[in-house]
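Chain S is fixed; fit chain C onto it per the hints.
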Amino acid sequence: MTTVRTTGRWRGVVAIALFAVAVGVLVDRPAVVLVGVVGAGFAAYPHLVGPPSVDLELERRLDDRHPSRGDVVTVTTRLTNAGSRPLTDVRVVDGVPPMLTVAEGSPRHAAVLRPGESAEFTYALDAEHGRHQFDPATVLVRDVTGGHEVETTVADGTEISCADPVPAVPIRQQANGHAGRLVTDEGGSGIEFHTVREYRPGDPMSRIDSKRWARTGDLTTIEFREEHRTSVALVVDACESAYRARTEETPNAVAHSLAGVEQVLSALGDTRDAVGVAGLGREFCWAAPGVGPTHMARLRELLGTHPTLSSTPPAADTDEDIERQTEMLRKRLGSETQVVVFSPLTDDRIRQAVRTLEAAGYPTTVVSPNVTADGTLGERLARTERANRMHALRNAGVPVVDWDPEKALGTVLLDEQQRRWSA
Amino acid sequence: MVRVSASDREHARIDHRPTPLASTLSLVLAAVSTLLLVSTPGQQLAVLGTLLGVALVVVDGRSLFGLDRLPTYLLAAAGVGLVVWSVAHGVTAVAEFGARAELVPGLVGLVLLGLGVRPLSQRFARRFVSAGLAALVVGVLLAGVFQRAGPTLLLAAAASAVVAWDLGEHGIGLGEQLRADARTREVELLHGGASASFGAVLVVAATLLFAGGGRDLPLSVLALLLAAAVVLMAALYR
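Sequence order for the protein chains is S and C.
For the first sequence, this note's numbering begins at 1 and goes up steadily by one.
For the second sequence, this note's numbering begins at 1 and goes up steadily by one.
These are calculated hints, taken from the structure and not from any lab test.
Computed from a predicted structure; not experimentally measured.
Ideal Cβ placement from N, Cα and C applies to all residues, glycine included.
Warning: the hint list may mix true and false statements.
Taking beta-carbon pairs under 7 Å as the criterion, some of the chain C residues facing chain S (in silico) [said to hold, decoys possible]:
1. VAL162
2. GLU176
3. LEU178
4. ALA180
5. PHE198
Which stretches of chain C does chain S cover? Using the computed rule of at least three CB atoms under 8 Å from a CB of chain S, they are [as the list claims (entries may be wrong)]:
6. 41-50
7. 84-90
Looking at chain S on its own, in the form it has when it is part of the complex (with noise of 0.2 Å):
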């Protein structure tokens, strides 16, 4: 995405021209009138260079990839010209991932650059749970006079993953005929103890209860409690009305949400459960739940890259329609999916489109991180309204985990799971 402006910065400068003739012709004065050359040598003076040709390359170096919280990570990144003219007034912001802070130096950077000459600065960041894409760096080349601007962004695919293990992954009682973690309460072969019952034809010898056979002579048969494989599709809520943050230096809710998708995503990705993960926003985005390696790191791939999961928010006057999107998301879930959805609740139609979803049989599951504050009476608003939002979920039977962003996913979701046992 290049952009190409003339900044007209030197614009005014024309006025200096016809302002110092006029003078001059009205007083008589040769030399004011002569003024006005600069005014007009000026003016003219952008036009003498065209807009620079931008040809860059981007590389970034982390002294840790996979830090443990708060630690420090020294992030060095390279930027060369990789083009055949020199760049005289390049500037680049680097794009640090939105979860994350900078501790020290400054990930911004202005250099001329030759052609093949490279800059390189250096700035360190807090490492926080989770894992972190960089965002492509920003950079804005002007020429020599700065009439004209190339806005353009360069991409390296770099990430720091501070490991945040989620223990509990929100998934609800539900079977589908593949083997695999979930523990149902249907009997059948397994581990755990679930009963015993009357033999009948066909049992497997194995599973008969011998001691009570020996005992009683009456056959039975043991059953445990089957173990079943699930499939989950993680949807974010990445509508306009949840790129709210708690203050300005705060991350935003889908900020929020993405860390936390990923987080769920690398301890779903150690079982065989299939992920899927879909979007809601800007446009429909999707990816059918499966599992390996490869489907990981599709996915990985899809949330740093699909503009629709992206932390910033869109354009103001962009249209989404969230009922004609949880509709291609109903019409694509596999009958046997589950749905934990990603939203701050800051809006009634995701509450609406989690309903629809629950409705039509997939269970649904909510994790909402807690972005309202408590300062102003329209904040105090924000959060009754999320509260209601929450409570009419739960009546409908759809488990809401209220996440304090604070606090790691992991934590929470082991408390939340804790308080259901025990309730």
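Okay, now just chain C, sitting in the frame of chain S:
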């Protein structure tokens, strides 16, 4: 997030002020523009005093020479005092109207430029710098009208005023986009150097034009030629 303590936050407060190098060069060039026009030591003292005062106001609140924060308001107050004294001195040092006319707009321009690169207000920084350029140019034209400087000096003063504006605006842009903690020195120097060289070329060319034949050319013809060139420029921009 939680672990950012209050002092860290204070330290990391985003500083979008214009970059220091471009601001400094801009102020110096603006002072040079006025110094080229004035002749008496009293006037020169007034310009230098104003420059120093404005510099104190601009430096106020910035970190400098490894000092984290210079004492706020103290410097600004000293700077404002110095500026007031210098302007008063400049006005009283000479009695002639022409001498005041060439000096005062220059001093006003310098102050406006300083308020732009401080900046007094982030939103109006560019406006202040442009207003500073306008005042400097008015000073140059008045000096020409009262015939207080030769054509070469007028041209040089006008060119350095334009380059001062260019540097100020460039520094504001860099400050906005990259913040003051990014390393921007090379870009600023190259940009300023290119503009200054172009200005020098313009001054030399115009002086040669004036010496070589402009003097014999009737004023109306010269004016017509320049007006045509300006209209051409305006048409180019549309």
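Verification of the hints:
{"no.": "1", "hint": "VAL162", "result": "holds, 5 Å"}
{"no.": "2", "hint": "GLU176", "result": "violated, 10 Å"}
{"no.": "3", "hint": "LEU178", "result": "holds, 4 Å"}
{"no.": "4", "hint": "ALA180", "result": "violated, 9 Å"}
{"no.": "5", "hint": "PHE198", "result": "holds, 6 Å"}
{"no.": "6", "hint": "41-50", "result": "violated (count 0)"}
{"no.": "7", "hint": "84-90", "result": "violated (count 0)"}
In this structure, the earlier hints numbered 2, 4, 6, 7 are contradicted, and the remaining ones agree with it.
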